[in-house]
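Please build the complete structure, drawing on both the sequences and the hints.
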Amino acid sequence: MTMRARGRRSAVLAGGLGVALVLAGCGADEIDGGGGGGAEAAADSEIDCAPYEEFGDLEGETVTVYTSIVDPEDQPHIDSYVPFEECTGVDVQYEGSREFEAQLVVRTQSGNAPDIAFIPQPGLLANLVASGDVVPAPDQTEANVEEYWDESWKEYGTVDGEFYAAPLGANAKSFVWYSPAAFEEAGYEIPQTWDEMIALSEEIAATGAKPWCAGIGSGDATGWPATDWLEDVVLRQAGPEVYDQWVNHEIPFNDPRIVEALNTVGEILKNPDFVNGGLGDVQSVASTAFDDAALPILDGSCWMHRQASFYQANWPEGTEIGEDGDVFAFPLPPIGSEGTPPVLGGGEFTAAFNDDPATQAFQTYLSSPEWANIKAQVSGPGWVSANTGLDVDNLESPIDQLSAELFQDPEAVFRFDGSDLMPGEIGAGRLWTELTSWIANDKASEAVLTDVENAWPAS
Amino acid sequence: MTTTTPVMAPVPGEADTRGRVHSRAERAQKRLTSRTASVAAIVIAVLWTVPTFGLLLTSFRPELDIRRSGWWSMFTDPQFTVDNYNQVLYGGGTDFATLFVNSLVITLPSVVIPITLALLAAYAFAWIPFKGRSVLFVAVFALQIVPLQVTLIPLLSLYVDSGLAGSFWTVWLSHSMFALPLAIFLLHNFMREIPPSLVEAARMDGAGHVKIFFQVLLPLLTPAIAAFGVFQFLWVWNDLLVSLTFASSPDTVPLTVRLADMVGSRGSDWYLLAAGAFVAMVVPLIVFVALQRFFVRGLLAGSVKG
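Protein chains in written order, with full-length UniProt numbering: chain X, 1 to 459; chain B, 1 to 306.
Where hints are given, some of them may not hold.
[Stated by the list, open to error] Covered stretches of chain B (in silico footprint by chain X; criterion: 3 or more residues with CB under 8 Å from a CB of chain X, positions within the stretch not fixed):
1. 160 to 171
2. 252 to 262
[Said to hold, decoys possible] The following label-pair restraints were derived from C-beta to C-beta distances:
3. X:Ile190 x B:Phe288: 57 to 63 Å
4. X:Gln408 x B:Val82: 42 to 48 Å
5. B:Gly267 x X:Gly239: 32 to 38 Å
Worth flagging that the hints you see were computed from the coordinates, not collected in a lab. Backbone N, C-alpha and C fix where the C-beta goes; we use that ideal spot for every residue, glycine too.
Now the structure itself:
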């Protein structure tokens with residue numbers, strides 16, 4: 001080929017690149033200009049604007065919110081801000097990411113922090129407070145929290161005596177999923193005590209069926225469902241005081257009462273007569289993904305599955321949830337006594353990274369019962385708040401209503417998921433792996449807890 | 001200019017070498033067309049394709065089937081649905097077309113900028129003698145060793161301070177920075193391969209650096225540029241980490257970030273991933289298939305001597 005032809009071709013190439021650059025420039029402009037829309041679906045209820053007027057004229061301000069809540073659960077959040085935006089003229093920009101925990105730290109360290117973040121672990125909140133990024137909550141927010149939340153919730157948003165973050169959403173973990181239809185057909189009653197539950201399990205096992213199905217697989221977080229089991233039993237068997245001491249490491253991790261609790265869990269999870277309905281033997285508990293572990297309930301090869309209320313999103317589409325539906329849940333019964341079972345749960349907290357009036361006004365709005373009720377109205381199944389001002393009838397799904405009733409019951413003891421409160425290397429590391437080998441390799445309970453105790457970071 | 005491609009005088013011994021190469025090539029051809037070689041190639045190709053094929057089948061299966069059994073059960077119990085694709089394309093809060101445009105807007109400049117800069121730098125390193133040239137060249141290539149993860153937070157701080165955060169510039173600049181060392185190295189090696197006599201002849205004819213670069217070297221460099229272009233395109237298009245850190249404001253978010261979030265806050269929608277993967281794969285696949293002949297040729301030319 002001659003030089004000239006080559007030259008022409010490269011000219012064409014260069015021209016093409018130029019066009020591409022210009023096009024790219026246009027695209028950027030368009031997108032920068034067109035942002036900030038959305039939130040068309042306004043909530044139909046009006047709110048009282050008075051509480052937000054004391055923050056001054058906020059017209060035209062912007063508040064950015066960064067969360068771990070992504071599509072499709074993000075839209076109800078965005079919709080629930082509309083009344084606030086109409087009251088104050090503030091534009092709330094919502095952004096969710098599954099990489100939230102890592103990215104939030106990156107952003108705060110590089111000076112790019114959002115105005116508000118919804119933090120699902122009190123431990124992460126404490127870290128961010130320690131690095132000096134989070135500012136304390138305004139008095140109005142604190143007043144709301146004191147009025148509408150159980151004391152223990154305020155405690156979890158408090159670091160070193162200073163109140164930083166109001167609770168937002170919540171989820172209850174102490175549930176046992178079952179099939180109401182199958183229970184009725186077989187004539188089984190919902191157990192009210194732990195002993196009744198074990199008796200029922202034995203009754204089912206006597207028919208040759210496996211009463212329980214379980215799965216603790218979850219990718220690199222494999223093991224966390226087992227930590228919930230252990231926490232639930234510690235809370236029931238040893239009591240909330242011991243639970244707090246255990247989580248805060250005021251007693252050794254391998255305290256005899258904790259060993260006893262783990263053995264109680266083992267009576268179900270490591271009992272070859274009880275597990276693993278529809279999925280295999282005891283070892284299959286470790287290898288089954290938690291999101292698929294309860295599915296055997298649907299085809300009758302399993303009877304009971306302990307998992308949080310948020311598991312309702314994991315049932316296949318078309319599964320009816322409710323007291324007369326395909327599946328429902330009963331609270332994990334108390335041990336040794338009748339009465340209200342304690343609730344283990346989790347939730348998010350709204351931390352603010354600056355004290356602009358708009359940010360503070362929005363924080364206050366999120367802690368109000370008005371917001372909780374509007375959020376409940378625009379949300380589908382799968383959202384609950386522990387705000388006692390929440391009207392249970394606003395919730396759509398029966399399991400959410402049940403959770404809210406538990407949260408609002410003044411008798412019910414609430415405790416936050418302990419593995420979210422422990423240091424990350426334990427609560428999101430060693431405890432997971434140890435409990436996995438407790439099941440997969442049949443490691444003894446004492447050895448498991450002693451190894452975790454030895455791994456506890458010295459401080 | 002009326003230059004023609006210079007005819008090289010036959011060098012003694014070259015015919016000899018060529019003959020050896022020829023017979024070696026013949027032997028290789030014979031060996032590679034044998035029946036066992038073909039069988040081996042087919043077996044490897046099948047093994048390589050099976051996971052992708054399984055993913056393709058999975059993307060068309062109903063949710064419950066995906067969660068309960070593997071894709072191979074499709075042969076015994078065939079059930080097709082396009083619900084997953086519907087959900088991926090129209091189910092999300094963000095419009096998929098916007099995400100595609102964002103990905104393109106991020107990718108094209110992130111390919112063009114480093115290639116443009118690297119061409120100029122590579123030319124200087126290859127054909128302009130200056131003091132400390134080789135030291136500087138080694139220094140530039142040594143930057144390749146720096147893992148990009150350690151630069152994320154400092155870079156973002158710089159962007160925030162200079163008011164760039166939240167725009168596309170952050171991603172364009174970051175991708176360009178991370179690509180430059182390798183781009184300069186590859187293009188430099190390729191430029192060194194071009195016979196000096198060619199450049200010298202052009203210089204004798206009175207051509208300056210600009211003319212040599214555009215009229216002598218650039219046409220010969222097309223395969224190398226295309227090869228690196230494909231390489232960079234695929235890397236940027238598939239990148240999650242850089243865009244997650246720098247481009248995660250809702251207006252600039254690319255396809256990969258949305259794909260990573262598609263499984264839902266608690267991972268309950270993971271059955272959508274197969275369909276999502278295929279949607280995201282379309283563009284790189286087209287680019288790769290269209291430019292693959294440059295890819296192979298260019299890579300060999302840039303790196304292998306002799």
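Examine the segment 160 to 171 of chain B: at least three residues should have C-beta closer than 8 Å to a C-beta of chain X. With 5 residues close enough to chain X, the hint holds.
For the pair Gln408 of chain X and Val82 of chain B, does the Cβ-Cβ distance stay inside 42 to 48 Å? holds, 44 Å
Range agreement (Cβ of Gly239 of chain X with Cβ of Gly267 of chain B, hint 32 to 38 Å): holds, 33 Å
Outcome for the supplied range 57 to 63 Å, where the beta carbon pair is Ile190 of chain X and Phe288 of chain B: Because 58 Å falls inside the window, the suggested range holds.
Per the coverage rule (Cβ-Cβ under 8 Å, at least three residues), is the segment 252 to 262 of chain B covered by chain X? Result for this restraint: holds, n = 5.
Checked against the numbered hints given earlier, the structure satisfies every one of them.
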